[in-house]
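Visitor: If you're matching them up, the sequences are chains B and V in order. So the numbering used here is basically just the index in the first sequence, starting at one, shifted up by 3. So the numbering used here is basically just the index in the second sequence, starting at one, shifted up by 107.
Hints in this document: simulated from the structure, not taken from any laboratory. Hints should not be assumed to be uniformly reliable.
Stated by the list, open to error - A few chain V positions that, by computed beta-carbon distances, are all more than 12 Å from chain B:
hint, residue
1, A154
2, E155
3, D164
4, I188
5, W229
6, A232
7, S272
8, R276
9, A297
Unchecked claim - Below, in silico cross-link-like pairs of lysine-lysine (DSSO-like), each with a Cα-Cα straight-line distance of 30 Å or less:
hint, chain 1, residue 1, chain 2, residue 2
10, V, K278, V, K168
11, V, K218, B, K545
12, V, K195, V, K271
13, B, K610, V, K225
14, V, K301, V, K290
15, B, K417, B, K338
16, V, K301, V, K143
17, B, K545, V, K225
18, V, K218, V, K163
19, V, K278, V, K194
20, B, K610, V, K226
21, V, K301, V, K163
22, B, K610, V, K218
23, V, K301, V, K244
24, V, K278, V, K244
Quick reminder that beta carbons are idealized off the backbone N, C-alpha and C, glycines included.
Chain by chain, the residues run as shown.
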Amino acid sequence: MIPELGHFALILSALVALVLGTLPLIGAHTNRLAWVALARPAATAMALLVTFSFACLTQAFVANDFSVVYVAQHSNSLLPIQYRVAGVWGGHEGSLLLWILMLTWWAFLVAMLSRQLPEAMVARVLGTLGLVGFGFLLFILFTSNPFERLLPAAAEGRDLNPLLQDPGLVIHPPLLYMGYVGFSVAFAFAIAALLSGKLDAAWARWSRPWTMAAWIFLTLGIAMGSWWAYYELGWGGWWFWDPVENASFMPWLIGTALIHSLAVTEKRGSFKNWTVLLAIAAFSLSLLGTFLVRSGVLTSVHAFATDPRRGIFILIFLVAVIGSSLALFAARAPKVGLGGRFGLVSRESLLLTNNVLLVVACATVLLGTLYPLLIDALGVGKISVGPPYFNAVFVPVMTPILFLMGIGPFARWKEASIPEIAKAVKWALVVGILVAIALPLLYGQWFAMTALGLLLAAWIVATAILNFIERVQHTRAGRGFLAAALSQPRTFVGMHLAHIGIAVFVVGVTMVGSYQDEKDIKLAPGQSVDVAGYHFTFNGVKAVEGPNYVAAQGEFDLAVDGKFVRKMNPEKRTYHSSAMPMTEAAIDAGFLRDVYVSLGEPIDRDKPEGEWAVRVYYKPFVDWIWGGCILMSLGGLIAMLDRRYRVRARAAAPVSAGTQQA
Amino acid sequence: MNRYYWILGGFAALVALLAVGLNLNPRDVPSPLVGKPAPAFTLSQLAEPDKSLSPKDMQGKVWLFNVWASWCVSCRQEHPILVEFSKKVDVPLIGLNYKEVRGDGGFDMSKMPADEEKKLAWQRANRWLSEHGNPYKLTVMDLDGRVGIDYGVYGVPETYVIDKSGVIRMKHTGPITPEVLAKRIMPLLAELNK
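Turn these sequences into a full structure, and let the hints steer you where they fit.
Guide: So this is what it looks like as structure tokens:
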């Protein structure tokens with residue numbers, strides 16, 4: 004009964020989405036206030052219905068209702084409760100339901116937090132979200148209904164994919180989807196602005212916090228996925244340039260460009276067309292990512308069971324959403340105008356360069372991701388594009404971005420002077436060079452690429468500090484340094500924190516890439532191995548039992564300089580439901596390095612007490628990669644909470660309400 | 108027309124590529140086993156546990172080898188298609204029952220004696236076939252999944268087409284759909300039986 008209620012609520016929500024996607028938009032166009040006023044209640048109703056539907060599916064999982072096909076395929080009565088809940092988004096149908104849940108929540112938040120916006124604007128934004136939601140709900144209802152029954156019911160479920168039975172994977176998809184889907188708000192704002200023809204600074208100011216929120220979620224979601232891959236897959240890597248990873252990285256790159264472009268549009272009224280196009284592109288890439296994952300056109304570790312009908316449906320949806328918004332853009336853009344003029348050297352021009360480079364970076368990722376498909380489509384063969392391509396094209400594009408990141412905050416709007424900037428940043432360059440020379444030597448070997456990475460990271464941190472000090476000195480007005488420092492605008496503080504996060508990330512990537520060490524070795528109990536000064540002694544393997552798996556658990560003693568540090572217990576798990584054994588690496592994490600042991604296979608299958616294939620890794624600075632991502636998100640959060648998004652917005656409200664009636 | 112319409116052109120090209128891509132299957136990457144002799148095994152038959160079967164017993168015939176288990180939900184989806192197939196087509200369909208008891212997840216294997224596992228597996232597999240119909244000429248029992256490993260089984264159901272000389276000619280992962288049967292398996296069988 005409950006699954007049917009969930010299904011019914013989903014159908015109702017599609018109808019509500021259709022109402023939301025039509026009447027308020029028409030109302031805003033023809034000035035019918037009653038239709039405009041429908042937007043908020045309809046968005047709220049849509050969110051409530053989808054939330055109810057999601058709760059119904061969750062209930063089916065918690066109650067082990069194996070008469071629902073989706074539950075029978077992705078759960079099991081032995082599955083611990085937290086994974087039963089996570090199982091809701093462990094497969095195709097449920098993850099789409101999660102997607103639409105996020106969309107309706109974003110729409111609900113816009114409905115709640117938009118009291119200062121003109122009613123017509125709200126109607127257009129929510130209407131656009133309603134249309135997107137309608138398309139997705141149709142997709143779910145017609146091709147991917149999670150509430151389909153299995154009669155007679157299965158006695159037992161097939162269990163959740165063991166790879167997904169991990170705390171990291173419980174929160175990775177929701178975070179990532181919040182980010183993906185969050186760009187729909189920036190997209191809806193852009194469409195609303197194109198529809199109304201009012202592309203002004205106020206529009207940019209309204210979009211900024213929403214875009215930032217989506218970007219924060221996406222950053223954390225990607226970082227979480229990367230961290231999971233690192234500790235769960237047992238290969239010690241943190242990024243694989245897998246098509247699905249790329250699908251999440253492309254909207255991130257464009258989203259990053261969008262955040263910067265919105266800043267220019269808000270402050271200077273420039274780049275309007277460009278900003279709108281980026282907003283459309285960020286969400287379009289999120290949709291493209293969904294297509295790539297769901298349609299099965301590319302192989303990936305993330306691929307779900309595929310069904311050609313689904314692929315066609317998403318493709319049509321993609322054409323409808325992206326095609327119509329690009330057509331709208333093409334029709335309206337020439338009238339928008341370019342906005343304020345700026346000099347060849349100015350903060351605007353630097354931000355434009357940053358934008359172009361980020362878009363180029365995104366294009367290279369897109370090319371590398373789709374290239375195998377292109378080759379396959381042309382019938383030339385089957386290839387895969389791997390890390391060598393991406394590493395080769397990414398470094399040259401990223402290097403100027405990172406360099407400009409240090410200069411940008413010093414440049415004035417409109418017209419800046421190179422000598423002035425050079426004078427302000429020269430000490431940062433000195434610091435960068437010193438670090439680039441010294442630190443690699445400290446680690447034993449000097450590589451040019453390592454030095455470049457460290458130079459850029461140190462440069463970013465040093466310029467951020469110099470810029471911060473400079474600004475505080477300028478705004479002291481007789482106050483103490485600390486008081487002035489604490490009263491800086493949050494957007495400014497957030498920007499520098501996020502930039503420092505990038506620097507921290509770069510340090511992690513550079514150091515782990517240059518100085519990691521690994522050994523692949525056969526060990527019998529009692530034998531030991533050394534990696535980068537860490538001494539591992541293998542004590543053997545014993546069998547342990549989990550709730551729904553059995554595992555061979557190895558025991559290693561880790562010692563440094565002959566002193567015992569800790570025991571490490573990597574596992575090789577065999578879940579009852581799957582033939583594939585899972586690796587649980589044991590990691591000793593530290594500020595400056597991780598050491599990592601993972602258990603391979605016993606050399607002789609019948610003698611688990613004998614020799615085992617073992618991998619040990621030394622990973623310097625690897626945690627800085629995710630630490631950097633957390634700093635970036637934190638910086639974004641601080642910037643998003645800037646006072647002026649609330650104060651000025653409130654002051655603007657009566658004015659725009661006035662123009663509305665006129 | 109203005110210059111902004113170029114963006115739409117670029118998007119159209121992308122859509123065309125994706126549309127073509129939909130009709131290709133990236134997972135068609137030939138399984139390393141395709142073109143190789145079917146790995147040997149000797150397993151007990153479901154109907155007559157005292158008798159066994161090896162791939163070499165099938166020498167001289169084109170046959171289908173289908174991996175299934177009663178706990179496998181997707182197998183239910185393809186089963187009616189197999190039953191229909193077995194009625195219409197004169198190509199032997201051999202079943203490989205894969206980890207009938209161990210794969211289920213509902214049992215504590217460390218506490219189950221081997222003969223009990225065996226009894227239970229036979230019981231469950233027979234019941235399933237009598238409930239859903241038996242399309243198989245015969246089924247062999249792979250209790251511990253060793254043969255599955257040799258065949259590179261990574262998701263049940265899977266189906267192999269094996270030719271007269273015992274070489275694997277095709278592998279399909281996942282449930283057989285009417286489309287896969289009509290477009291890929293049937294033409295291949297016709298060609299091999301020529």
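Visitor: All hints are to be evaluated individually against the structure, with a verdict given for each.
Guide: Outcome of the hint check:
With 12 Å as the threshold on Cβ separation, the claim that A154(V) sits away from chain B holds: the shortest Cβ distance comes to roughly 24 Å. Every CB of chain B is more than 12 Å from the CB of E155(V) (nearest about 27 Å), matching its label as outside the interface. Separation of D164(V) from chain B is adequate, the least Cβ-Cβ distance of about 25 Å exceeding the 12 Å criterion. At roughly 16 Å from the closest C-beta of chain B, the C-beta of I188(V) stays outside 12 Å, upholding its exclusion from the interface.
Even its closest Cβ contact with chain B, about 18 Å, leaves W229(V) beyond 12 Å, as expected for a residue assigned away from the interface. Non-interface call for A232(V) relative to chain B: holds, since the shortest CB-CB distance, roughly 14 Å, exceeds 12 Å. With a closest Cβ-Cβ approach of about 27 Å to chain B, S272(V) is found to remain outside the 12 Å limit, as its non-interface label requires. With a least beta-carbon separation of about 19 Å from chain B, R276(V) lies farther than 12 Å from that chain, consistent with its non-interface assignment.
For A297(V), the shortest C-beta to C-beta distance to chain B comes to about 24 Å, beyond the 12 Å cut-off, and the non-interface label holds. With a C-alpha separation of about 17 Å, the suggested pair K278(V) and K168(V) falls inside the 30 Å cut-off, and the hint holds. A hinted pair counts as satisfied when its Cα atoms are at most 30 Å apart, and K218(V) with K545(B) qualifies at roughly 17 Å. A hinted pair counts as satisfied when its Cα atoms are at most 30 Å apart, and K195(V) with K271(V) qualifies at roughly 20 Å.
The straight-line distance between the Cα atoms of K610(B) and K225(V) is roughly 24 Å, inside the 30 Å bound, and the hint therefore holds. Taking the CA atoms of K301(V) and K290(V), the gap is about 17 Å. The hint holds against a cut of 30 Å. The straight-line distance between the Cα atoms of K417(B) and K338(B) is roughly 23 Å, inside the 30 Å bound, and the hint therefore holds. With a C-alpha separation of about 20 Å, the suggested pairing of K301(V) with K143(V) holds against the 30 Å cut-off.
Between K545(B) and K225(V) the alpha-carbon distance is near 27 Å, which keeps this suggested pair within the 30 Å criterion. With a C-alpha separation of about 36 Å, the suggested pair K218(V) and K163(V) falls outside the 30 Å cut-off, and the hint is violated. A distance of roughly 22 Å separates the Cα atoms of K278(V) and K194(V); the hinted pair therefore holds under the 30 Å criterion. Taking the CA atoms of K610(B) and K226(V), the gap is near 27 Å; set against the 30 Å cutoff, the hint holds.
Distance hint between K301(V) and K163(V) is fulfilled; the C-alpha atoms sit about 21 Å from each other, no more than 30 Å. The straight-line distance between the Cα atoms of K610(B) and K218(V) is roughly 20 Å, inside the 30 Å bound, and the hint therefore holds. Of the pairs offered as hints, the one joining K301(V) and K244(V) holds, with about 22 Å between alpha carbons and a cut-off of 30 Å not exceeded. Using a Cα cut-off of 30 Å, the hinted pair K278(V) and K244(V) holds, with the two alpha carbons roughly 19 Å apart.
Of the numbered hints given earlier, the model fails hint 18 alone.
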